[in-house]
Amino acid sequence: MGRRVVITGLGVCAPNGIGLTDFTRALQKGKSGVRFQPRLAELKFGCQIAAEPLVPDNLVEKYFTPLQLRGLNASGLVYGVIAGTDAWNDAGLKPNTGESPDWDSGIIFGTGILGVDKFRESIHLVDGQNVRRLGSTTVLQTMASGISAYLGGILGCGNQVTTNSSACTTGTEGILMAFDRITAGKAERMLAGSCSDSGPYVWGGFDAMRILPRQYNDNPTKASRPMSASAAGFVPGSGAGALVLESLDSALARGAKIYAEVLGGAVNSGGQRGDGTMTAPNSEAVQHCITEAILHSGIEKSDIDVINGHLTATSKDALEIENWSEALNRSGTDFPFINSFKGLFGHCLAAAGSIECVGALLQFQEKEVFGNVNCEDVHSEIEKHISASRIPRKTEKFIPKIIAKASFGFGDVNACVIFAAFND
Amino acid sequence: MNEERYQKLKEIVKIYLPEDVSVEDISMESHFINELNINSANLVDIVLDVEDAFDIMLENEDMDQMQTVMDALQIIEKKLTVK
Chain A
332 MGRRVVITGL GVCAPNGIGL TDFTRALQKG KSGVRFQPRL AELKFGCQIA
382 AEPLVPDNLV EKYFTPLQLR GLNASGLVYG VIAGTDAWND AGLKPNTGES
432 PDWDSGIIFG TGILGVDKFR ESIHLVDGQN VRRLGSTTVL QTMASGISAY
482 LGGILGCGNQ VTTNSSACTT GTEGILMAFD RITAGKAERM LAGSCSDSGP
532 YVWGGFDAMR ILPRQYNDNP TKASRPMSAS AAGFVPGSGA GALVLESLDS
582 ALARGAKIYA EVLGGAVNSG GQRGDGTMTA PNSEAVQHCI TEAILHSGIE
632 KSDIDVINGH LTATSKDALE IENWSEALNR SGTDFPFINS FKGLFGHCLA
682 AAGSIECVGA LLQFQEKEVF GNVNCEDVHS EIEKHISASR IPRKTEKFIP
732 KIIAKASFGF GDVNACVIFA AFND
Chain B
20 MNEERYQKLK EIVKIYLPED VSVEDISMES HFINELNINS ANLVDIVLDV
70 EDAFDIMLEN EDMDQMQTVM DALQIIEKKL TVK
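So the protein lines, in turn, are chains A and B. Under our numbering, think of the first position of the first sequence as 332, with each following residue one higher. Under our numbering, think of the first position of the second sequence as 20, with each following residue one higher.
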C-alpha cells in the first residue's frame, strides 16, 4: 500500500457555474448551462444547442496578463487556467514567486484538442501565404500541452508537468495518474484537471455522427436527458475542472482543508474487441474497470453509496447501468444512488471527467446527493436493473461515505476512481 | 528622430516589458532583449505590431537587425521613405 492521497483543492469553469460557489448552487438547484447557439444555427448544424461557460472579460483579466491576452483565442486554455488557478488557491497554495521551481508540485492537465479557433486563424494565414503573421503564441495555444505549460508557468511547478489525452476519459484518467505519482513518492502534490474548447469546429464532428439531439433547439434546457426514455443524444459542452491531489502527510502538515480521500481506481481499454468499437464501450472491459477500481481501493462492492456515472444521454445509458449493476452485483433498491450531471451541462468531452469529479466531490462537503434533471421518465431498460428510487430527481440530504466516478471514452477506454469521505 | 514615431513605438513595446521594467526605462539606445529584458520570442510580435501600426512590411534581414529601439526607428524610417 502506497502513501495516502487526499483532495485539498477544487476549481471549476463549467457551463452552469464558474467557481465553486456558483457551481455548487447550480448542481443543488438543477440550474442548466445548456443554451441555444446562434452560431451553430447559422452554420446549419442539426443540433444548435450547446453548453459552454460564460466567461466575462473582466474575469479573464484576473488570470492572464495583458500580454498573454493579446491574440489569445483558445477557449479551453482560458477555462483550464481559471479552473487550475482556482483549485491551487482553494488548496491554500500560492503561485511560486521564487526563482527556483517547486520540485514537489506537478501538473497533469489533459485535453482533447486545444486552441481550435487559434488553429483556424493560423490555417487561414498559412493558406494565404502569410505564415510570418502567425505571431509567437500560435504554437503555445495550439499544442495539446499548452494548458499544462501555461499553468506550469503561472504556478511555478517543478515536478512533472504534462498533458494526457484519452477522449472523454481524460479528466478522470488524469486524476488517477496524479494519484499514482503521489503514492509512488514522486510528488507531494499534483494539480490534475482537464479542459475542452468550445465551438463549431470541436462539436461539428459529433453533429455529423448524428449523436447529438436535434429536436430541442427551441428548448435547450430539456435537451440533455441522461437515463431518460426520451434521451436523444448528448449535448456538446466545454469547460474545465481541476483538483489538487496531495499526500496526506503534506496536507496534514499544512493544515489544509481536506475534501475527500482518493482510495484508488483503475484505467483500462476494451481493445475494441467483443462489443467494444472505436465509439462503443466493451461491457466486459467496463465491468472489469469498475471491479479493478474496487479491488485496488481495498473496499467492498457494498461500500459504494453514490455513483456519478458517465451517462451521456444516449441509448448506451441503459447498458452503462447494467454494467454497474453487474460489476457491483447490486440491483433494485440495493443499488447505490446514481447521478449524472450531464443533464445540466451536457457532455464536456475531455473536460467531462474533471468537472464531474469536482461535482461528485462537492457532495461530501454539502452532505447531499445532487439531483438528476430531465429524467422524469426513467428508461424502462434501466428499471429492469435498478429501482428508479436510486436515481434522485432532486438534490437530497445524504452523507456519502464512498463515491465511485467513472468516465468512458472513444477508443474504448475507461477510467474509474473511488473517493471516500475523509476520516483519520 | 521623429518624436511621434518614437512615442508610437514605445506604446507598442510597453506591453512586452517584464514586470520589473517600466516604460520610463525605454531609451533610444535600449537593447530589446539585453536591457529591456523582453522575451526573445516576443520580438516577432513587436515586428508584427510595428507593421500594423506603421503600415509597412519588414523583411527577415530587417528583423535580424532590429536589436535596439534606435534600430527599429531607423528601419521604420527607411520603410516609410521608400513607401
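Hints listed in this document are in silico derivations from the structure and should not be mistaken for laboratory results. Every residue gets a Cβ at the ideal spot worked out from N, C-alpha and C, and that includes glycine. Please note that a few of the clues may not be correct.
Claimed, not checked - Simulated restraints on C-beta separations:
{"hint": "1", "chain 1": "A", "residue 1": "Asn389", "chain 2": "B", "residue 2": "Asp83", "range": "16 to 26 Å"}
{"hint": "2", "chain 1": "A", "residue 1": "Arg451", "chain 2": "B", "residue 2": "Asp74", "range": "24 to 34 Å"}
{"hint": "3", "chain 1": "B", "residue 1": "Lys97", "chain 2": "A", "residue 2": "Gly377", "range": "51 to 61 Å"}
{"hint": "4", "chain 1": "B", "residue 1": "Lys97", "chain 2": "A", "residue 2": "Asn389", "range": "40 to 50 Å"}
{"hint": "5", "chain 1": "B", "residue 1": "Asp74", "chain 2": "A", "residue 2": "Pro397", "range": "21 to 31 Å"}
{"hint": "6", "chain 1": "A", "residue 1": "Leu374", "chain 2": "B", "residue 2": "Gln93", "range": "45 to 55 Å"}
{"hint": "7", "chain 1": "A", "residue 1": "Asp665", "chain 2": "B", "residue 2": "Ala60", "range": "55 to 65 Å"}
{"hint": "8", "chain 1": "A", "residue 1": "Val457", "chain 2": "B", "residue 2": "Gln93", "range": "27 to 37 Å"}
{"hint": "9", "chain 1": "A", "residue 1": "Leu385", "chain 2": "B", "residue 2": "Gln26", "range": "20 to 30 Å"}
{"hint": "10", "chain 1": "A", "residue 1": "Glu392", "chain 2": "B", "residue 2": "Asp74", "range": "53 to 63 Å"}
{"hint": "11", "chain 1": "B", "residue 1": "Pro37", "chain 2": "A", "residue 2": "Gln460", "range": "27 to 37 Å"}
{"hint": "12", "chain 1": "B", "residue 1": "Glu48", "chain 2": "A", "residue 2": "Phe741", "range": "54 to 64 Å"}
{"hint": "13", "chain 1": "A", "residue 1": "Met540", "chain 2": "B", "residue 2": "Gln26", "range": "14 to 24 Å"}
To be verified - Each computed DSBU-like pair below joins lysine-lysine, with the alpha-carbon atoms no more than 30 Å apart:
{"hint": "14", "chain 1": "B", "residue 1": "Lys29", "chain 2": "A", "residue 2": "Lys393"}
{"hint": "15", "chain 1": "A", "residue 1": "Lys698", "chain 2": "A", "residue 2": "Lys360"}
{"hint": "16", "chain 1": "A", "residue 1": "Lys393", "chain 2": "B", "residue 2": "Lys97"}
{"hint": "17", "chain 1": "B", "residue 1": "Lys33", "chain 2": "A", "residue 2": "Lys393"}
{"hint": "18", "chain 1": "A", "residue 1": "Lys632", "chain 2": "A", "residue 2": "Lys553"}
{"hint": "19", "chain 1": "B", "residue 1": "Lys97", "chain 2": "B", "residue 2": "Lys33"}
{"hint": "20", "chain 1": "B", "residue 1": "Lys27", "chain 2": "A", "residue 2": "Lys425"}
{"hint": "21", "chain 1": "A", "residue 1": "Lys517", "chain 2": "A", "residue 2": "Lys647"}
{"hint": "22", "chain 1": "B", "residue 1": "Lys33", "chain 2": "B", "residue 2": "Lys102"}
Consistency of beta-carbon spacing, B:Asp74 to A:Arg451, with hint 24 to 34 Å
holds, 26 Å
Kindly confirm whether 27 to 37 Å is satisfied by the beta carbon distance between B:Pro37 and A:Gln460.
Taking Cβ atoms as reference, B:Pro37 and A:Gln460 lie about 34 Å apart, which means the hint holds.
Can you tell me whether the CB distance of A:Met540 to B:Gln26 sits inside 14 to 24 Å?
violated, 55 Å
Taken at face value, is the distance from the CA of A:Lys393 to the CA of B:Lys29 at most 30 Å?
holds, 25 Å
Quick one, are B:Lys33 and B:Lys102 close enough, alpha carbons at most 30 Å?
Cα-Cα ~27 Å, so holds.
Kindly confirm whether 40 to 50 Å is satisfied by the beta carbon distance between B:Lys97 and A:Asn389.
holds, 42 Å
Honestly, do A:Val457 and B:Gln93 meet the 27 to 37 Å range at C-beta?
holds, 31 Å
Can you tell me whether the CB distance of A:Leu385 to B:Gln26 sits inside 20 to 30 Å?
About 38 Å separates the Cβ atoms of A:Leu385 and B:Gln26, which means 20 to 30 Å is violated.
Given the hinted pair B:Lys27 and A:Lys425, is their alpha-carbon gap at most 30 Å?
violated, 37 Å
For the pair B:Lys97 and A:Gly377, does the Cβ-Cβ distance stay inside 51 to 61 Å?
Holds - the Cβ-Cβ distance for B:Lys97 and A:Gly377, about 56 Å, lies within 51 to 61 Å.
Given pair status - B:Lys33, B:Lys97, alpha carbons within 30 Å:
Roughly 23 Å between the alpha carbons, so the hint for B:Lys97 and B:Lys33 holds.
Is 54 to 64 Å respected by the C-beta to C-beta distance linking B:Glu48 and A:Phe741?
holds, 57 Å
Consistency with the previously given hints fails for numbers 1, 9, 10, 13, 16, 18, 20 and 21, ordered from lowest to highest.
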